[in-house]
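Kindly generate the complete structure, drawing on both the sequences and the hints.
Line by line, the protein sequences are chains A and B. Numbered by this note's numbering, the letters in the first sequence go through residues 35 to 445 in order. Numbered by this note's numbering, the letters in the second sequence go through residues 49 to 342 in order.
It is possible that part of the hints are untrue.
Chain B residues, not near chain A, derived (Cβ > 10 Å throughout) [claimed, not checked]:
# : residue
1 : V147
2 : W207
3 : F215
4 : Q224
5 : I293
6 : M327
Computed cross-link-like contacts, EDC-like style, restricted to lysine to aspartate or glutamate with a CA-CA straight-line distance of at most 16 Å [what the hints assert, rightly or not]:
#  : chain 1 : residue 1 : chain 2 : residue 2
7  : A       : K319      : B       : D175
8  : A       : K115      : A       : D74
9  : A       : K115      : A       : E372
10 : A       : K442      : A       : D295
11 : A       : K314      : B       : E106
12 : A       : K442      : A       : E299
13 : A       : K314      : B       : D175
14 : A       : K319      : A       : E214
15 : A       : K442      : A       : E214
Bear in mind the hints are in silico, worked out from the structure with no lab data behind them. No residue lacks a Cβ here, since even glycine has one placed at the ideal position from N, Cα and C.
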Amino acid sequence: MIRNRTSRRGAFAATACLALATTLGACGLGSDTASGEGDDEIVIGVSLPLTGDFSEPGKGVQRGYEAWAAYVNENGGLLGKQVRLEILDDQSSADRVASDYEKLINQDGVDLVFGPFSTRLVVPAAQVAEDYGFLFVEPAGAAEEVFTQGFENLFYAAPAIADDHYNLLAEAIIAMPESERPETAAYATMDDPFAQGTAYGLKGKLEAAGIKTVADEVYPPNTTDFSSIAAKIADTKADIVVGGTQYQDAVNLIVALQQLDFQPEMAAFSTAPTNPEFPKAIGSKTEGILSPTGYTPEASYPENQAFVEFYTDMFGNPPSEDEANAWTTGEVVAAAVEAVGCADPSQECQQQLIDHLRDATVDTVVGPLSWDAQGRPESAHLIQQYVDGEIRIVLPEDQAEAELITVKPAW
Amino acid sequence: MSGSLLLQSLILGVLLGGLYALLAAGLTLYFGVMRVVMIAHSAFLILAAYLAWWFQGETGIDPLVSLLVTVPLFFVIGYVMQRLLLSRLRPASLTMMSVLLTFAIALVIEGGLGYVFSGTQRRIQLDYSSSSIEVLGANIAVVKLIAFALAGVALVGLWALMKLTRFGQALRATIQHPEAARLLGVNTDRIAGFGFGLGLATAAIGGTALSLDSTIYPSLHWHWIGPLMAIIVVGGLGSIPGAAIAAMVLGISQSLLQIPLGTTWAQTVFYVALFATLMVRPQGFFGGRLAQRF
Chain A
35 MIRNRTSRRG AFAATACLAL ATTLGACGLG SDTASGEGDD EIVIGVSLPL TGDFSEPGKG
95 VQRGYEAWAA YVNENGGLLG KQVRLEILDD QSSADRVASD YEKLINQDGV DLVFGPFSTR
155 LVVPAAQVAE DYGFLFVEPA GAAEEVFTQG FENLFYAAPA IADDHYNLLA EAIIAMPESE
215 RPETAAYATM DDPFAQGTAY GLKGKLEAAG IKTVADEVYP PNTTDFSSIA AKIADTKADI
275 VVGGTQYQDA VNLIVALQQL DFQPEMAAFS TAPTNPEFPK AIGSKTEGIL SPTGYTPEAS
335 YPENQAFVEF YTDMFGNPPS EDEANAWTTG EVVAAAVEAV GCADPSQECQ QQLIDHLRDA
395 TVDTVVGPLS WDAQGRPESA HLIQQYVDGE IRIVLPEDQA EAELITVKPA W
Chain B
49 MSGSLLLQSL ILGVLLGGLY ALLAAGLTLY FGVMRVVMIA HSAFLILAAY LAWWFQGETG
109 IDPLVSLLVT VPLFFVIGYV MQRLLLSRLR PASLTMMSVL LTFAIALVIE GGLGYVFSGT
169 QRRIQLDYSS SSIEVLGANI AVVKLIAFAL AGVALVGLWA LMKLTRFGQA LRATIQHPEA
229 ARLLGVNTDR IAGFGFGLGL ATAAIGGTAL SLDSTIYPSL HWHWIGPLMA IIVVGGLGSI
289 PGAAIAAMVL GISQSLLQIP LGTTWAQTVF YVALFATLMV RPQGFFGGRL AQRF
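Put into structure tokens, the structure is as follows:
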């Protein structure tokens, strides 16, 4: 029975490797090659959802990691050694992702690990890394539940967790003169820890400032008809509409609100407006729509300019948020490795890396990052807005490319 | 709750009910003609929606024009599918095996859409996507009105075809008593193929109607098959008027229940109705004698 299981796992690994070999051109089929003994390279293990539900963002993260590794190798490597990525496909499965990290750490003997994509895969993966005492920097687990599991090895490589995504917008609204400030707010959010976290983070702050909640609609992720939700929101005549949304629900809800000719003064939706498909779906009626984002290729941090140039050369188009989060993960781990001077699987080295990041501030493509004791980043998301048909950063002021429009043109 | 919200929700419920009726019509037809549980019906809806989206993107012409191609195309696909695949299943286990077979077809369509168009979510962008007509303070979206009109035309057409033509007579005879129909010289095999083609042709219309006002992605069909199955069971398997009435009742209920209960609970109206029907009147509420045979 045990032998059976082992051989099946072997067959899985071999299949995954064969599949990956075509795309990556490299695969540690003979797992000995991946051990830290070959002192001329540092092997970094990653499991990513390259197939299944999260395959689109998973591939984005893969591109980000590959670009980072190529950039590091072109610039002299890490501690003078070349970096090699060992990437497995977890098929978007939480069970697979845990066994992938077991394999990477235990059998393949990788020197370091990077996190996978999505909260649902980050939590089981982080548990394995924690069990082996590995540093775990991750690009995609933004929901609060990631940081309440008691992980002592986890760091989220982005500016802010979901609850804080709208922070700058909340500050801007609260700072408005009493007469211009919205008095009522309507919230619609997907029943999902990430999406809900974004909207309710803002809701808490606006309520505390006296802005009344007049609608609070939660819908399941499989909702296809948004006209009734839109009708309820339109009936409240709320001054500001806030969506805790992913992509398709935001698009459907915005169009449903437009069909009812409901014209709020402000409208903010997480995730969707930064998607390139968004203006194709909504057409010309995007003007004034707000959205939090963790990344923009236009950001003026010096690291970012190098990243955008290198990435664009490699892939032919500028990076988006998934690629940037992956690159940021690489930057954070590299900063710890360079500071401590080691990159191997030993407990001492991994603990030193973790201890270093606890107190460090790392310059990245999304700005300087530091973390609290649970691994929450302590910066803020940028706020973007459609201005003259283009998506522009409007908050914070020192990064702004356009001025915040507080009364949205009719849509 | 204000009066205007009630009126608005009622209008939205009627429009939604019309769309549900169109989407469910084919499903009940397959079951009526040959006891086939067609899990792939909603996958064909999404396929038609993708074809409409693709057609509009490539040509810039209104997606409704794509019906000129998709309706005959889907009719032929339905006929071929019935003749080549479903008619080969053994009558004794037809209903059960058809679930497996059409489940596989649904997976093939979903995989094919993902391969050709990727998993990215798409939406048709029309000049009138967000336009609406105001009636007594309530807004009626133009695209929803078009979808409703399509549903009306398709269902009345289907009804007329079934009631007024010789083909319809033969189809009804095949539904009611295949042996007797054969004795009277009806080629029931061919009629069954046409019946299946007709069902799939309604999927072409339904999918196009759906594409006007929905964001589409390859796995969307799984969200539709549950409510559609509930509608045809409540309406009485095999009854097109039954499906239409059940769709309208459930669409309006969903829309109105949304006001006090919220989206999550309002959606369960389909399953509550399904369970209630199976407990109280398993043959469905509007299906009558026909459905009792199954």
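Now for the hints, and whether the structure bears them out:
1. At roughly 21 Å, the least C-beta separation between V147 (chain B) and chain A is larger than 10 Å, which holds for a residue marked as non-interface.
2. Residue-level check passed: W207 (chain B) sits 26 Å from the nearest beta carbon of chain A, beyond 10 Å.
3. Chain A leaves F215 (chain B) outside its interface by the beta-carbon criterion, the shortest separation being 34 Å against a cut-off of 10 Å.
4. The claim that Q224 (chain B) is not at the interface with chain A holds, since no C-beta of that chain comes within 10 Å of its own (minimum 36 Å).
5. The claim that I293 (chain B) is not at the interface with chain A holds, since no C-beta of that chain comes within 10 Å of its own (minimum 20 Å).
6. At the 10 Å boundary, the C-beta of M327 (chain B) stays outside the reach of chain A, the nearest C-beta of that chain being 25 Å off.
7. Restraint check for K319 (chain A) and D175 (chain B): satisfied, since their Cα atoms lie roughly 10 Å apart, inside the 16 Å limit.
8. Distance restraint check for K115 (chain A) and D74 (chain A): the Cα-Cα separation of roughly 5 Å lies within the 16 Å cut-off, and the hinted pair is therefore satisfied.
9. Distance hint between K115 (chain A) and E372 (chain A) is fulfilled; the C-alpha atoms sit about 11 Å from each other, no more than 16 Å.
10. As the CA atoms of K442 (chain A) and D295 (chain A) are separated by approximately 14 Å, the hinted pair is consistent with the 16 Å bound.
11. The hinted pair formed by K314 (chain A) and E106 (chain B) meets the criterion: a straight-line CA distance of about 14 Å does not exceed 16 Å.
12. Taking the CA atoms of K442 (chain A) and E299 (chain A), the gap is about 5 Å. The hint holds against a cut of 16 Å.
13. Taken as a hint, the K314 (chain A) and D175 (chain B) pair is honoured in the structure, with Cα atoms around 12 Å apart against an allowance of 16 Å.
14. Under the criterion of a C-alpha separation no larger than 16 Å, the hint pairing K319 (chain A) with E214 (chain A) is inconsistent with the structure, at around 24 Å.
15. With a C-alpha separation of about 13 Å, the suggested pair K442 (chain A) and E214 (chain A) falls inside the 16 Å cut-off, and the hint holds.
Of the numbered hints stated above, the single one contradicted by the structure is hint 14.
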